[in-house]
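> Numbering (the working numbering), first residue to last: 1278 to 2053.
For the record, the hints were derived by calculation from the structure and aren't laboratory data.
Here the structure is a predicted model, which is why all the values come from computation and not from measurement.
Built from N, CA and C at the ideal position, the CB exists for glycine as well.
Do not take every clue at face value.
[Unchecked claim] With a straight-line Cα cutoff of 27 Å, these simulated DSSO-like cross-link-like pairs (lysine-lysine) come out:
#1 K1931 <-> K1478
#2 K1925 <-> K1913
#3 K1538 <-> K1997
#4 K2015 <-> K1478
[To be verified] If you anchor each label on the Cβ, the simulated ranges turn out as follows:
#5 A1643 <-> T1729: 53 to 63 Å
#6 A2034 <-> L1376: 18 to 28 Å
#7 N1599 <-> P2010: 35 to 45 Å
#8 P1638 <-> D1529: 31 to 41 Å
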Amino acid sequence: MSCGEALLTIRDFSLCRANVRCAAHDAPFDTHAARRAPQESRLMSFLNPLMLFGLAAVSIPIIIHLLNRRKFKRVVWAAMRFLQLSVEQNQKRMRIEDLILLLLRCLLLGLIALALARPAWRTVASDVFGQSQVAAVIVLDNSYSMGMSDGAQTRFDNARKAAEQALDGMPSGSSVAILFASDIVQAAIPEPTFDFNLARKTIREAPLTDRATDLAPALDRAIDVLRGRFSVRKEIYVITDGQAVGWRQIGDIQKNLDHVKSEIRAHFIFINEHEEHNLGVSELRLASGLTPTRQPLRFEVQVSNYGKEEVRNVPVSLNIDNEPPSDEFTLEAIAPGGSSTISLFGRLRTEGFHSVTAHIPEDRLAADDRRAVAVRAIKEVKVLLVDGEPGTEPRDSETYFLRNALVPVAPPESPQYFIKPFTITAGELGGARFDDFDAVILANVPEFSEATARAIAQYLQRGGGLIIFPGARMNATFYNEMLGKRLNLLPATFGLPRGQPDQDEKYFQLQSKDYEHSIVSIWNDPASGTLASARFYRAFELIPVPYTKPSRKSGDKGGKPEEAGESVVVLRFADGLPALMERTWGLGRIAVFSSTADTAWNDLPVRPAFVPLIHRTLGALVQRQDEGLTIRVGQKFLRRTSPDSMDKDALVFKPRHNESMRDVRRIEMVNGSPMIQFEQTDWAGVYEVTVAEPALNLKFAAQANAAESNLDELSPEQLKMLASIAHVVQWTPNVSLKEMAEKERTGMEFWLPIILAAFLLAMVESGLAQRFSQSK
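Take these sequences, add in the hints, and give me the full structure.
Rendered as structure tokens:
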């Protein structure tokens, strides 16, 4: 073979290898096409496809060979003819030896590159080369329905055992991530770890929360974690109780898992026994407007039957703090799927923060057999009444009926009553110290200065309350312009008045049913009387102020839009027009009536409903700052404190936890106010907060989502839907997840035989190279 022929052969060989390299390199990168193709078409893939670029190293021996070819220099000398015969005899043998070594070296580098690219057969279940490692994510449901007990163990106890079984079934060298799933995703181990001791410890110490269930976000997170992993076997284990409410997005779950089922295998492990009985306290709320000490307070308790059979004779009790029950009642019967609401009463003995808890007898799911609220008992409520038309006689005063409604007791008892009204005239309003009062009521006040209006706005921002009653002397244009347009305080502007006060035969009435707002909801119970008996002869049309998105404009001299809450209709007339509206503003609240506080335009002040309506409206204002004392499980707790407590540490004790297990939170400035913040509210019940100096002891309560008490399971159709894209297991202590997982597991890496072949090839190349060099 001539030098030119040898070079041509080498070039053709190089091109051939390059074509093979391109074919092997290009195929794995069309991931979208591969994902669209059925699983059977993806027989082989590369787990580390970027290493296929290493096939380019095949060209290195060729380049070295070309650069180091023996170059001959023609020299004519007398003895040349004696060597020519020997050279011709050895030249062909040397070229063949060089090509053999070149081929072996190219093949060796190619095999190493292929091994590093980790080729795998996805549809092969054999472990002839050893079990392939698994990259897994365990999703552990820790919502409160997992607390269902059989008397010895809860579902969550069994779920932890199942999770450890899943770990035991993974081959050596596998990795695992652990997610806790409720209505949020908590990444206990966010990325797969090879430390199985850590994984076991995390599972054994997993907390059971009082959160609701939504598994879709956890599954999305698990898919995202595995999508970027280089493993032929990727698995998701979802360990849950099969509660239907947690699979509200089952269609999206099926779609997402179907999209990745060619590379990720999902296992749904259901830890449940069929349960047809469950009662729960589904609602507890304060029904009284105010919370004075030593006064009977009304609480509404709702008990729901989530079972399939009627339940009879259900005792319900109400406890204040840790005292014996203050009130009890026995519900005669609750239909399956039904609810029953009762009113229970209690008294707060001391001023300050208290917990109120409603109980029913414990069943197999104890988490929903109690529900708590936190309230602040007040010793007195100071109310500033601004009389816009004092009159010559006490009964002619604009605030006469208000004073009597606020203090509905005999004159000798009024000094001891907890509501303390103070009356001033409209002319004295400019010199009033609003911060000395819990609420301010403007009754037919004509108008006032801009400075007074801004003082009222600042008072509301700090947590004060304001009630406005219109009248004949009120300047509606002033209120609309100053309090509405410029300061953005009003929930509604005053439109044109309708009706005439002197025409007794023409009147309009209030709605008689469907009371939605908490101020008037007690009138849904006929035993509470009615608001519809009152007659209105004249009233302003209330035009609701549209809610605007919070924004702050530089140089704005008016009200701050970000302080204003949404306008809410509290009470309507029978024709649907608003009769009473309210909105929050800063830390305070403002309420606007459409008619007068006296009998000039209506007879509501002489109706029995007037006193509770005024008290409940005042309560909504005074309790504005205490609304955050009862929150949803998982919601952040926020509480404004005094400036003296700034930068102090607050100790927070969680419900059902050992007192030594406490959290510390620093009181910090938030939006210009010192605030206590606590975000770890994963458990229902009463939380206690203490600050050493200045002394502060407060309580707040978290309530669980009542929907989680519905233990209805996935239907057979839904289970069939899940089985189409995942392996579904009904777990019992006798079930071996290890054996099941091994049977379901597919995919085999075969980089090991390739690397062994490369090792043998390297030995052959080394031996031949040594032998050929000796012959040369």
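> Are the hints correct? Go through all of them and say.
Here is what the structure says about each hint:
no.	hint	in the structure
1	K1931 <-> K1478	23 Å, holds
2	K1925 <-> K1913	19 Å, holds
3	K1538 <-> K1997	16 Å, holds
4	K2015 <-> K1478	19 Å, holds
5	A1643 <-> T1729: 53 to 63 Å	55 Å, holds
6	A2034 <-> L1376: 18 to 28 Å	21 Å, holds
7	N1599 <-> P2010: 35 to 45 Å	39 Å, holds
8	P1638 <-> D1529: 31 to 41 Å	39 Å, holds
Figure legend: structure checked against the earlier numbered hints; every hint is met.
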